[in-house]
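*Asks:* Residues per chain, in single letters:
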Amino acid sequence: MGKLLVEDKTIVTPGEELAEGMDFLPAEGTFRDKDKIIASGLGLVSINGRLIKTISMAGKYIPKKGDTIIAKVTDILMSGWILDINSSYSAVLSVKEARDFIRRDADLTRYYDIDDYIVTKIVMVTSQRLVDASMKGPGLRKLIGGRIIKVNSNKVPRIIGKGGSMVSMIKNATGCSIIVGQNGIVWIQGLPKNEIIVVKTIRKIEQEAHISGLTERIKAFLEKGTNKKIVVEKVE
Amino acid sequence: MAYIKRNDGRKFDETRPIEARVGVIKNSDGSAYFKMGKTIAYAAVYGPRSIHPKFLQNPRNGKLRCFYNMMPFSSMGERVRPGANRRAKEIAMVTEKALLPVVDLTQFPNSVVDVFIELPQTDAGTRCAGICAASMALADAGIPMKDMVASVSVGRVDDALIVDLDYSEESYENGTVADIPTAIISRTGEISLLQMDGKLSREDLKKAIEMAKKACSKIDKIQRDALKKKYEVKNE
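If you read the sequences in order, they're chains F and E.
All residue numbers for the first sequence refer to this note's numbering, where the first residue is 1 and numbers rise by one.
All residue numbers for the second sequence refer to this note's numbering, where the first residue is 1 and numbers rise by one.
No wet-lab data here; the hints were simulated from the structure.
This one's a predicted model, so the numbers in the text were calculated from it and none came from an experiment.
All residues carry an ideal CB built from backbone N, CA and C; glycine is no exception.
There's no promise every hint is true.
[To be verified] List of simulated lysine-lysine pairs, DSS-like, C-alpha gap at most 30 angstroms:
#, chain 1, residue 1, chain 2, residue 2
1, F, Lys-3, E, Lys-214
2, F, Lys-34, E, Lys-26
3, F, Lys-96, F, Lys-142
4, F, Lys-3, E, Lys-228
5, E, Lys-26, F, Lys-193
6, E, Lys-228, F, Lys-36
7, E, Lys-228, F, Lys-162
8, E, Lys-97, E, Lys-63
[Claimed, not checked] So, partial list: chain F residues that the calculated Cβ filter (under 8 angstroms) puts toward chain E:
#, residue
9, Thr-13
10, Gly-41
11, Ser-46
12, Ser-56
13, Met-57
14, Ala-58
15, Lys-60
16, Ile-160
17, Gly-161
18, Gly-163
19, Ser-165
20, Val-167
21, His-210
Let the hints inform the model, and build the full structure from the sequences given.
*Replies:* Given below as structure tokens:
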């Protein structure tokens, strides 16, 4: 019978032994060395039955198919745009994947110019990390106005919350429109003073994401910031 | 005169007081501060990011690139001329080779992870302090790592085998001196750096390496504690 060497939800460092015995299985962020399971990065241990994985706390965004992200146009090609996706790699948006039909001789800057921010979707990632993006889909568009902040992409799930509960709580409290890209770029638009509250709130989530009781703390923080009572909707 | 008592009153197998912190450089992806007695090392990690010129890219693996720099005012003697010199290039190379066995960059083809080691104050043992700081900074940056590396210098002054030589011991004039910087991969106990300056018998070398392993396991604990401390729950 195997033996766990760490508790669930503890922070482990690379090379730390997590479990002993062959009945445990190494998942994401871990590997097996003989009969031991070892952490292969700094992260939070998550034990799910026999599966042991670590959720990384830092590191750049790794592009994944199907992710909706916010990207910045950095260059224009003959038949598309190069996007900075806040990752180690850049993405390409081809004219074929733009919202409407674009003629071959059209001036591409009229659609998306250099330094524009767009909400886009990743449609393909190859083994060599070549990334293809698309604008075909609901909510994918160019962003006009508002402000952009960058957060740790590993904390994005906590900023969004279960079923979007956290981000909708912030939206309701401040009346800002917020788009959170999976790559850690967040777009905020609203009254300037409310935008600042949103930025502060997101920074707080980012810092305290791994500590339990996050929703309660953020709720209190927002109430203090906006001087309004917040009713948290229960997500089934 | 034999070397019976160390200049600063330490035991023969005792390192200088160590201080370690991570996340000290805000603009980097990961950073660390490692202080050993009067030797101070900062390490900053950037990446994985794209590497140029393009011929340096490796489509099968990511690259690790280290830089070592002593600041102009860092030494006790004359001003150190800034920029890379023969010595700095060599130390950067051995640092890279000491860290490479634990860093796993197969997930990041065609990219590079840059490690910058800066030394604002030096009192011997800089490459060891640099490796310790770099190992922590890499973990802080969320780079996949199989293990962590701890490093310390061991050696012989006159006829005493000692751990962690400071400058006064390295330049001891009343007898022979051997200085052996070592780096040990913490969990497996493998050696990833072993250099020697001076003369030493085979038996003494074996004993010295054993002493280094003991000292490194202590340093390893300090490194890991520093990494965990960053994510500790702050009491408000």
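*Asks:* All the hints need checking, so say for each whether the structure fits it.
*Replies:* Hint-by-hint comparison with the structure:
Of the supplied pair hints, the one linking F:Lys-3 and E:Lys-214 holds, its CA atoms being roughly 27 angstroms apart against a limit of 30 angstroms. Of the pairs offered as hints, the one joining F:Lys-34 and E:Lys-26 is violated, with about 39 angstroms between alpha carbons and a cut-off of 30 angstroms exceeded. A C-alpha spacing of about 16 angstroms is found between F:Lys-96 and F:Lys-142, which places the hinted pair at or below 30 angstroms, so the restraint holds. Our distance criterion of 30 angstroms between C-alpha atoms is met by F:Lys-3 and E:Lys-228, whose separation comes to about 23 angstroms.
In summary, the hint linking E:Lys-26 to F:Lys-193 is supported, as the alpha carbons are separated by about 25 angstroms, within the 30 angstroms threshold. Between E:Lys-228 and F:Lys-36 the CA atoms are separated by roughly 22 angstroms; this keeps the pair inside 30 angstroms, and the hint holds. Restraint check for E:Lys-228 and F:Lys-162: the C-alpha separation of about 26 angstroms stays at or below 30 angstroms, so the hint holds. For a cut-off of 30 angstroms, the pair hint linking E:Lys-97 to E:Lys-63 stands: about 12 angstroms separates their Cα positions.
Below 8 angstroms, beta-carbon pairs count as interface contacts, and F:Thr-13 has one with chain E at about 5 angstroms; its hint therefore holds. A hinted interface residue such as F:Gly-41 counts as satisfied when its beta carbon comes closer than 8 angstroms to some beta carbon of chain E; here the least separation is about 5 angstroms, so the hint holds. Hint on F:Ser-46 is violated. Least Cβ distance to chain E is approximately 15 angstroms, over the 8 angstroms limit. Checking F:Ser-56 against chain E by beta carbon gives a least distance of about 5 angstroms; that is within 8 angstroms, so the hint holds.
Checking F:Met-57 against chain E: minimum C-beta separation of about 6 angstroms stays under 8 angstroms; hint holds. The criterion of a C-beta within 8 angstroms of any C-beta in chain E is met by F:Ala-58, whose closest approach is roughly 3 angstroms, and the hint holds. The restraint placing F:Lys-60 at the interface with chain E holds, with a minimum CB-CB distance near 6 angstroms, inside the 8 angstroms limit. Taking 8 angstroms as the C-beta contact cut-off toward chain E, the hint placing F:Ile-160 at the interface is violated, the least distance being around 20 angstroms.
Hint status for F:Gly-161: violated, given a least beta-carbon distance of 20 angstroms to chain E, over 8 angstroms. Taking 8 angstroms as the C-beta cut-off, the interface hint given for F:Gly-163 is violated, the closest approach to chain E being about 26 angstroms. Proximity of F:Ser-165 to chain E is violated relative to the hint, the smallest CB-CB distance being about 23 angstroms (cut-off 8 angstroms). About 23 angstroms separates the beta-carbon of F:Val-167 from the nearest beta-carbon of chain E, more than 8 angstroms, and the hint is not met.
Taking 8 angstroms as the C-beta contact cut-off toward chain E, the hint placing F:His-210 at the interface holds, the least distance being around 6 angstroms.
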